[in-house]
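A.B. asks: One line per chain: the protein sequences are A, B and C, in this order.
With my numbering applied, the first sequence corresponds to residues 1 to 349, in that order.
With my numbering applied, the second sequence corresponds to residues 1 to 327, in that order.
With my numbering applied, the third sequence corresponds to residues 1 to 279, in that order.
Just so you know, these hints were derived from the structure itself, not from any lab.
Heads up, a few of these hints could be off.
Said to hold, decoys possible - With a cut-off of at most 30 Å between alpha-carbon atoms, the simulated DSSO-like pairs for lysine-lysine come out as follows:
(1) A:K308 to C:K276
(2) C:K262 to C:K30
(3) B:K164 to B:K188
(4) B:K73 to A:K343
(5) A:K118 to C:K83
(6) A:K314 to C:K30
(7) B:K73 to A:K237
(8) A:K237 to A:K308
(9) A:K34 to B:K157
(10) B:K73 to A:K34
(11) C:K27 to A:K79
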Amino acid sequence: MKVNNMEKFVLPKEKLSEWINKIISTYQVFAPVKEEELIFFKQIKNPSEIDLEFVNSAVPPKVLLFQQTETLFKFTNGKNIQITPTTSHNEKTLIFGIRPCDAKSFSILDHVFKGDYKDPYYLTKRKNMLLVGISCNQPAVNCFCTSFDDSPTSSKHVDVLLTDIGDKYYVEVQNEKGKQLVESTKKLFTPATEKDSNKKKDVEKKAFDTITRHMNIKNVDTLVKKLDIIFDAPYWKNIAMKCLGCGACTYLCPTCHCFDIQDETTLTKGARIRIWDSCMRPEYTLHASGHNPRPGRMNRVRNRIYHKYNYYPKNHQVIACVGCGRCIDNCPVNIDIIDVITKTAEVKP
Amino acid sequence: MVNEKQLKTEAKKLVARDDVKYVIGYEKGTYGFQVTPCFAFTPEDTERFIFSPLCVHNLAVYFMLEEKPPLRKGEKEDTRKIGVVVKGCDARAVVQILQEKGLKRENIVIIGVPCTGIIDPKKINAKFPHQVKTVDVKEEGNNFVFNINGKTHNIPKEELLFEKCKQCEYPTPVISDILLGEPIKGSKKEEYKEIKTLEKKALQEKWKFWSKEFERCIRCYACRNACPLCYCKECIVDQLSPQWIQRSVNLSENTVWNIIRAYHLAGRCSGCGECERACPMNIPLTKLNKKIEKDIKELFEYIAGLNPEEKPLLAMFKPNDTEETIL
Amino acid sequence: MKDNPYQPWLATIDTVCEEVGGKRAIKTFKLVFQDKKIKDDFTFLPGQCVMVSLFGKGECFFAISSSPTQKGFIEVSVMKLGKVTSALHECEPGDIVGVRGPYGNHFDVQGWKGKNLIFIGGGIGQAPIRSLIKYVVDNRKNYGKFDILYGARTSKDICYTKEFVELKTCENTNTCLSIDVKEDGWGEFVGFVPDNLMRVKPSPKNAIAVTCGPPIMIKFVIQNLLKLGFTEDQIFTTIEMRMKCGIGKCGRCNIGNLYVCKDGPVFSYQQLKNIKGEQ
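The shape of chain A in the complex, shown without the other chains (with noise of 0.2 Å):
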C-alpha cells in the first residue's frame, strides 16, 4: 500500500493502543495524561496512561520544545573558568495528541527561535519532533480558533491528523515525515471511504458550530492598524485596572515566549539557565538605574495584547494568537481577550 501526500485511512479505535505500542518503541512519545483533573503532556510508556476525554492541557506543549527551565552550559568558576556545553537532544520524540491550535503556537514561535540566530534548544527539538494531531469533536466555551480563519479540524500544522468519527479514527498525512510514520506502521490502516470522509466533514461542521465565542476581525492588517491608532486610548486603562499582574495568562499561553536568564552556581562550579519569565511582572523591564519604561500595569497590558496583535504580524506578518482560551479560563478577574479585542472597533483614537 503506497502512501501518498493528502490520502486519507481510517484507523480503527480498538487498533490505536497497537499503533501507539509500536510508535513508542522508536520515539519518545508524549501523550495527554490526566492528573488532579487536568491533563499534561508527559512521556508514556504504555498506551493506557493517555486520556483522550479532553478539551486541551492545562499547560500548553510549547513546553516540550521550549522548556520551562533549560540549562544552556555549565561552566566552572574560580580563576580558570571552562565553559562546557550541554549535550543536544537528538531523541526522536512524538506529540500524541496534539490540538490543531496548539500545533500552530509552534508554527507561531518558529519565527521567534529562528532567525538571525538560530536557538539550538528549541531547533534540535523541533526537527525530531513529530506531531500526531487529534482534532476538536467538542471545542469549549472559550475556544475560538476560527476567529483566525482556522479550525479545530485543522492538518495544516501537524505531520499527522487523528479525528474521531465514531467507532474510527480518520486519518490524514499531511507531510512526509506523517508518510513515513503511517507507511512503518501501513498494517493497521485501511484507505477511508467517501463515507468517512463525509463523517469527518459533519464532525468539523459541527465543531465550527459548537463555536459560538468570536473575535470579530476583519482581517489581520485592520486590526493593526486600529491598534495602531489607539495606542494613546484610556480604554486600556480600563482593561489594566483590574489586573492583578498574576502572570498566569504568559505561562500558559501556547505562544507566549518571553524568558530570562540566570546564573546558578555553588563556589567551584555553576550552570546558565533559560527560564519561563513574564512581560507581567513589574521587574522584567526595570533598568539598575532604577527606570522602567513599563512602570504601570496599564503600560504592560497594553504592551503585552499590542505584541501579540500588533507588534509580531509587524514582524511575522502572523497574529500570535491561537484561539486556545486558556488566558480567559484561567484569568482570575475575568480579563477576556476576546471581548478585549472584539471592542477595540468601537474604541475612538
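Dock chains B and C against the given chain A, drawing on the hints supplied.
C.D. replies: For chains B and C alone, coordinates are given in the frame of chain A:
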C-alpha cells in the same frame, strides 16, 4: 442575599462624593458564571454593580495594587478615598492590612455585604460546563436557582458552596462604613477536619502528598498576586542579592517557594482562598494556610484580621507566650 | 555565526582603567579573546554592543567603546550600578569573562562619509560615541567638520580625559567639554550639555548629529537640535534597555515592534517619534 438596588444606591452616593476617587465592586462577566471586578469612577458606572453568590473575588487586593505615578511639577497628591465592596472574608483581609499599617483607615471607605455563601467556580463549572451565555443565580431557601437555556435548575447550596463558606465564622464584615443589610451570624466553628486527617499521616506520606502537588507548580506566582496580603515591594522570590529561591522550576525550589509564602502569611492569612482559586494547577494551597492558622490558634489563641487596633501577631509578644524568650 | 548564540567566547581582561571614581565609578576594560581565531576575526562597527558575562553573576549588554580600527581587542566602559557591573568592577587584569556579539545595528559610518559630524555625549553615554570618535579620527579624510560636545556633573565625572586632550590636535575638530556646576580651575563651559550646544551652534547643513547620555539630556539636546534647524532624520541616538538574550528572543527590550538589541540600539529621532511603544 443583599439587596442589589440598595447596593447601587449606596455606591452611587459614594462615588458622587468629592472626596472619593472610585469605588470597586462587581459586575457581570463575559461568559457563563463569570463575574468581574468593576471600577466605578462616575455615578453612571455604578449602574453595572451586582452582588450574587457568584461574586467570588476578594476586592481588597486592589488597595495594595494602587499605583501612584510620580507627581508632575505643581501637581498635588490625590488623597481621595477608595471605596470597596467587601464580604466577610474580604473585610478580614482589609483589617489585617490596617493592622500592619499598609493602609490608612481614612483613605478607604468600606461597603460591607453580609455574605450568605459563595459558589465555588470549579464546582459550578463541573456541573454546567461550556456555558457561553452569562447566567444569573438566585437564592431560594437552601437552594441556588439557575436559569440555563430556558430550563430552571434547583441545586442544594451544600453541593456548590466553597468549603470555606460552609465553615465561615465571620460572614458579616467585621469592619465597614456602610453595612448593606442585617448582620448574619457565623455557622459552626472551624473544625479543621481535613487538616487533622492530614496531620495524622506519617511523615513520608505527608511528604509524598505535598511533593505530588508541588511537582505541578509552574511558579507563575498567580497565588502571590491574587493574595491581598502579599504586597511586599520586592518579593523574596525576586531578590537577587542574595538570592533566596532559585528561579529553576523543580520540586526543591517549588517546595521552598510555597512553604515560604505560607510562612509569610502566618498569623495574617484571612482564609479567603483566592490563592487556590487563582492557581492554574489546582494545588490545594489553602490546606497549607489552614494548617498554620490552626497552629497559631492553638499556640497563641490568635485569629487574624478581626480588630484593626490589634497589633499583628508576629510583631508583638505577650508575657504568657509559650516560648521563654522572644527569640 | 556561532552554532550556539547563547554561549559566550572566553576573554581575558587585559587592562582596567579607572575613568571615574566614587560611588558611580566608571571603568574601561580591555578584553582580549582567548581563542586566537576569534581575536583576529572579531569585527564590528561603531554603535554595536556585546554581552559580557560574569560567570556566576550574569550578563550585561555594553556598547563597545573601542573602534574597529583598533585590532586584537575590544574595550567596554562600564558604570558600577547593579549586581553584574559591581562584580565586573571587582575584576582585575587576568580575570576571565565571557563575551558574545557583536549585536545590534551600528552608526551609518559609510553613509555619513563627507558629512560634518556633531557628537553630543553626557556621562557614561559617551561610551558608544568614543567608538565613533576613534573610528572617525582613524578615517579622518572621509568626514567633514567634527564637533564633539561632552559634559558631566563635575570635573571628576569626566571620562576619557587623556583622549580629549589628544583630540585637540586632531584636524578640523572642535572639542567642547562642560560640567554642570562651577568649579575652581575649570576653564571650559559651565552648564548643562543642551545649553552648551546652543552656545556652540553647529550648522545643520550637510551634518549628522549623534547624542547619547541620560534620557533627560537627550530630550533637551534633541529639542535644541531641532531649534537649530536639524531635521529628524539627521539626529541619531542610542537607547538603553534591560536585556537578557541580546538576540531578539526573550522579548523584553522592545519598543513597539522593534527590539533594541536587534533593530537598535542606534535609532534616528524620526524612527523613535513614530514608534508606538514605551521607552
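A.B. asks: Confirm or reject each hint.
C.D. replies: Each hint, compared with the structure:
1. For the given pair, A:K308 sits about 14 Å from C:K276 by alpha-carbon distance, which is consistent with the 30 Å threshold.
2. The suggested pairing of C:K262 with C:K30 holds, with an alpha-carbon distance near 24 Å, which does not exceed 30 Å.
3. For the hint pairing B:K164 with B:K188, the CA-to-CA distance comes to about 12 Å; that is within 30 Å, so the pair holds.
4. The hinted pair formed by B:K73 and A:K343 fails the criterion: a straight-line CA distance of about 36 Å is larger than 30 Å.
5. Distance check on the hinted pair: A:K118 and C:K83 sit about 29 Å apart at the alpha-carbon level, within 30 Å; holds.
6. Of the supplied pair hints, the one linking A:K314 and C:K30 is violated, its CA atoms being roughly 39 Å apart against a limit of 30 Å.
7. Distance check on the hinted pair: B:K73 and A:K237 sit about 23 Å apart at the alpha-carbon level, within 30 Å; holds.
8. Among the hinted pairs, A:K237 with A:K308 is consistent with the structure: their alpha-carbon atoms are about 18 Å apart, no more than 30 Å.
9. Between the alpha carbons of A:K34 and B:K157 the distance comes to roughly 29 Å, so the proposed pair stays at or under 30 Å and holds.
10. Among the hinted pairs, B:K73 with A:K34 is inconsistent with the structure: their alpha-carbon atoms are about 58 Å apart, more than 30 Å.
11. For the given pair, C:K27 sits about 21 Å from A:K79 by alpha-carbon distance, which is consistent with the 30 Å threshold.
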